[in-house]
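Asks: This is what each chain is made of:
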Amino acid sequence: MNKNLNTRILGAAAASWVLGLAAPQLSRAAVSDEDFNALKTMVQQLQQAHQQDQQQIQTLEQKLGETQLLATNAVEQASAVALAQATPPPLARHNFTMVGDAEIQYAKTYGNGTHNGQMLADFAPIFLFQANQSILFEAGFDVTVNNGTSDGNYLVNGNQGGTYTHDTGSSTSVSMSFGQMDYLVNDYVTFVGGYMLLPLGTYSERTAGWLNKIPDDPYGVEFLPGAGAGAQLRGSYPLGESGQMLTYSAYCANGPSSVDGTGNAYTISGGNTIANLDLGGNVGIQNNGNTGNLHSAPSGGGRIGWFIPWGGAHKDLELGVSGQSGTWDDNNSYVWSACVLDAALHFGPNVEIKGEYIDTWYNTADAGTIRPWGAWVQAGYKLAGLNLDLPIISDIELIGRYDQENNGLGTVAGNNLGSDSRRYTMGYVYYITNTLLFEGDYEFIHNSIIGGTPQPSNQLIFQLSYGF
Amino acid sequence: MKHQNPSRRFLLRPVAIAALALVAAGALINTARADETKPAAKSPAPAPKKLTGAELYAVNCNRCHPERYPTEFNSAQWQTIMLHMRVRANLPAKQAKEILKYMKEEAGN
Chain Z
12 MNKNLNTRIL GAAAASWVLG LAAPQLSRAA VSDEDFNALK TMVQQLQQAH
62 QQDQQQIQTL EQKLGETQLL ATNAVEQASA VALAQATPPP LARHNFTMVG
112 DAEIQYAKTY GNGTHNGQML ADFAPIFLFQ ANQSILFEAG FDVTVNNGTS
162 DGNYLVNGNQ GGTYTHDTGS STSVSMSFGQ MDYLVNDYVT FVGGYMLLPL
212 GTYSERTAGW LNKIPDDPYG VEFLPGAGAG AQLRGSYPLG ESGQMLTYSA
262 YCANGPSSVD GTGNAYTISG GNTIANLDLG GNVGIQNNGN TGNLHSAPSG
312 GGRIGWFIPW GGAHKDLELG VSGQSGTWDD NNSYVWSACV LDAALHFGPN
362 VEIKGEYIDT WYNTADAGTI RPWGAWVQAG YKLAGLNLDL PIISDIELIG
412 RYDQENNGLG TVAGNNLGSD SRRYTMGYVY YITNTLLFEG DYEFIHNSII
462 GGTPQPSNQL IFQLSYGF
Chain U
45 MKHQNPSRRF LLRPVAIAAL ALVAAGALIN TARADETKPA AKSPAPAPKK
95 LTGAELYAVN CNRCHPERYP TEFNSAQWQT IMLHMRVRAN LPAKQAKEIL
145 KYMKEEAGN
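Chains as they are written, first to last, in this note's numbering: chain Z, 12 to 479; chain U, 45 to 153.
Please note that the accuracy of each hint is not assured.
To be verified - Dumping the calculated DSBU-like pairs for lysine-lysine here, alpha-carbon to alpha-carbon at most 35 Å:
{"no.": "1", "chain 1": "U", "residue 1": "Lys94", "chain 2": "Z", "residue 2": "Lys393"}
{"no.": "2", "chain 1": "Z", "residue 1": "Lys74", "chain 2": "U", "residue 2": "Lys94"}
{"no.": "3", "chain 1": "U", "residue 1": "Lys138", "chain 2": "U", "residue 2": "Lys93"}
{"no.": "4", "chain 1": "Z", "residue 1": "Lys393", "chain 2": "U", "residue 2": "Lys141"}
{"no.": "5", "chain 1": "U", "residue 1": "Lys93", "chain 2": "U", "residue 2": "Lys141"}
{"no.": "6", "chain 1": "Z", "residue 1": "Lys393", "chain 2": "Z", "residue 2": "Lys326"}
{"no.": "7", "chain 1": "U", "residue 1": "Lys138", "chain 2": "Z", "residue 2": "Lys326"}
{"no.": "8", "chain 1": "Z", "residue 1": "Lys326", "chain 2": "U", "residue 2": "Lys145"}
{"no.": "9", "chain 1": "U", "residue 1": "Lys93", "chain 2": "U", "residue 2": "Lys145"}
{"no.": "10", "chain 1": "Z", "residue 1": "Lys393", "chain 2": "U", "residue 2": "Lys93"}
{"no.": "11", "chain 1": "U", "residue 1": "Lys94", "chain 2": "U", "residue 2": "Lys141"}
{"no.": "12", "chain 1": "U", "residue 1": "Lys138", "chain 2": "Z", "residue 2": "Lys393"}
{"no.": "13", "chain 1": "Z", "residue 1": "Lys393", "chain 2": "Z", "residue 2": "Lys119"}
{"no.": "14", "chain 1": "U", "residue 1": "Lys138", "chain 2": "U", "residue 2": "Lys94"}
{"no.": "15", "chain 1": "U", "residue 1": "Lys94", "chain 2": "U", "residue 2": "Lys145"}
{"no.": "16", "chain 1": "U", "residue 1": "Lys93", "chain 2": "Z", "residue 2": "Lys326"}
{"no.": "17", "chain 1": "Z", "residue 1": "Lys393", "chain 2": "U", "residue 2": "Lys145"}
{"no.": "18", "chain 1": "U", "residue 1": "Lys141", "chain 2": "Z", "residue 2": "Lys326"}
These are computed hints drawn from the structure, not numbers from a lab.
Using the sequences plus the hints, can you model the full thing?
Replies: What follows is the structure, encoded as structure tokens:
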């Protein structure tokens with residue numbers, strides 16, 4: 012049985028082999044040359060088409076790669092942008108900064124035949140440029156528009172005709188109040204050079220509109236040069252760890268001069284008799300036509316201060332004494348001097364009392380010693396101290412001031428420039444924000460003019476001040 | 045015989061009186077403060093507390109102007125402004141640095 016099966020398998024295999032060999036021979040024999048060539052051509056065409064397809068595929072693959080690269084870059088860039096937006100930029104060096112103040116003011120005078128109302132706008136930027144950790148340049152400007160100036164002189168045929176008694180329109184002034192370089196020599200000494208605010212008292216260095224709680228200057232400060240060209244050393248020394256300190260300033264500056272060069276008390280200018288002293292005026296046109304110091308001796312001055320805080324913040328006392336002295340005539344024969352005592356007391360966050368006593372004196376060639384002097388004291392109380400918890404009331408500070416001055420010229424016979432003034436002022440400050448203040452005050456003025464024209468007896472002032 | 049100028053005499057008198065009054069007031073305050081901190085018993089006196097930047101800021105800045113919020117300027121601007129204020133207000137260097145550090149931290153940028 013098995014033998015028969017094996018025989019059959021072998022037989023079938025042999026038959027298949029024979030047929031397998033015979034069939035191709037039969038097929039080849041059936042294809043003609045034409046068919047073969049056509050088939051060959053078709054194969055060649057297919058090969059070409061295949062090559063073209065391969066090239067297209069390569070091209071597409073290349074483009075796909077480029078597209079993928081672009082997409083990758085776009086994603087990376089988007090990620091970078093998102094990261095940059097999420098991360099704050101590194102700090103730029105803001106070594107140029109502007110601070111300062113701006114005010115608008117309305118003032119109205121009453122009494123003694125005057126009826127003057129005027130509007131004033133003031134923009135006073137301070138530009139700060141920090142060159143490095145130790146050097147600072149600072150310059151303060153004052154741009155003022157004053158509508159309603161009431162005083163002035165007019166001419167008739169070239170001669171003095173009289174004095175205006177009516178408004179003369181508006182006037183604009185641009186001035187540089189100070190421009191100086193500060194160099195921190197070490198922890199205790201700072202060098203200041205340029206056109207400096209002078210530390211005679213504290214008012215001249217703290218006179219910005221939004222710092223004054225009463226819009227106009229107190230009496231007496233007009234007898235001091237607010238600024239001067241020169242050099243200064245200043246600094247402070249801490250006493251203990253409580254914040255107490257001693258401060259000092261020492262400077263030399265151009266100092267005062269004489270309008271006509273002499274040491275006389277008065278001179279004639281524009282047909283008017285005026286005081287000959289020119290505070291801070293020791294630069295002008297010399298006899299040889301050059302511009303320079305009118306006299307060769309600069310003035311020297313300084314201030315020593317003592318700051319004593321106690322019981323933490325808002326309880327402190329500051330005391331200071333300052334002065335300046337130097338010649339004022341072209342021959343350096345006569346001396347002008349000043350002494351200022353200043354004090355400021357804070358008794359808690361709601362009570363402030365401060366003031367200055369200003370004494371000046373200068374020798375003259377023809378009128379002996381002239382002594383302009385003034386004093387002012389100012390007190391403020393913030394109604395927040397009443398704990399009324401009322402929004403507007405609690406933001407108001409009541410202010411009072413008494414000031415007095417005498418220009419010393421009334422002691423000299425034959426002039427009408429002497430004046431002795433006392434003033435009582437009541438006012439308020441409404442703190443709209445910490446830097447936007449609405450101030451107002453009413454002033455009772457008692458002015459004794461020796462031989463001069465009457466002055467206003469009362470004045471009303473409103474001012475909006477902004478510190479920036 | 046030495047002659048004293050009368051104008052000098054009437055000038056010096058109020059100046060001397062005012063100076064004495066100011067010095068006396070300062071001394072009085074210092075004495076009062078010393079009494080406040082005087083220990084009741086003989087225990088050793090505690091070391092004086094060093095004021096922080098925030099405390100120095102409150103002590104010094106408000107005496108001339110309303111306090112400015114640290115966020116009103118950024119850190120770099122405070123750097124320049126504090127240099128200006130150190131000179132203008134005659135602040136001791138260490139105090140100015142502590143105040144600046146506080147302002148920068150609170151400025152937040």
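Asks: Indicate, hint by hint, whether the structure satisfies it.
Replies: Hints, one by one, checked against the model:
1. U:Lys94 - Z:Lys393: 29 Å, holds
2. Z:Lys74 - U:Lys94: Answer violated: Z:Lys74 to U:Lys94 is near 71 Å, above 35 Å.
3. U:Lys138 - U:Lys93: Holds, because 15 Å separates the two Cα atoms, which is no more than 35 Å.
4. Z:Lys393 - U:Lys141: Satisfied, since the Cα-Cα distance of roughly 30 Å is no more than 35 Å.
5. U:Lys93 - U:Lys141: Holds: U:Lys93 and U:Lys141 sit about 17 Å apart, inside 35 Å.
6. Z:Lys393 - Z:Lys326: 14 Å, holds
7. U:Lys138 - Z:Lys326: Cα-Cα ~21 Å, so holds.
8. Z:Lys326 - U:Lys145: 23 Å, holds
9. U:Lys93 - U:Lys145: 18 Å, holds
10. Z:Lys393 - U:Lys93: Within the cut-off at roughly 30 Å; holds.
11. U:Lys94 - U:Lys141: The hint holds at about 14 Å.
12. U:Lys138 - Z:Lys393: Holds. U:Lys138 to Z:Lys393 sits at ~31 Å (cutoff 35 Å).
13. Z:Lys393 - Z:Lys119: 26 Å, holds
14. U:Lys138 - U:Lys94: Distance ~11 Å between U:Lys138 and U:Lys94 Cα, so the pair holds.
15. U:Lys94 - U:Lys145: Since the Cα atoms of U:Lys94 and U:Lys145 sit roughly 15 Å apart, the hinted pair holds (cutoff 35 Å).
16. U:Lys93 - Z:Lys326: The given pair, whose Cα atoms are some 17 Å apart, holds under the 35 Å limit.
17. Z:Lys393 - U:Lys145: Given that 35 Å is the threshold and the Cα spacing comes to 30 Å, the pair holds.
18. U:Lys141 - Z:Lys326: Holds, at roughly 22 Å.
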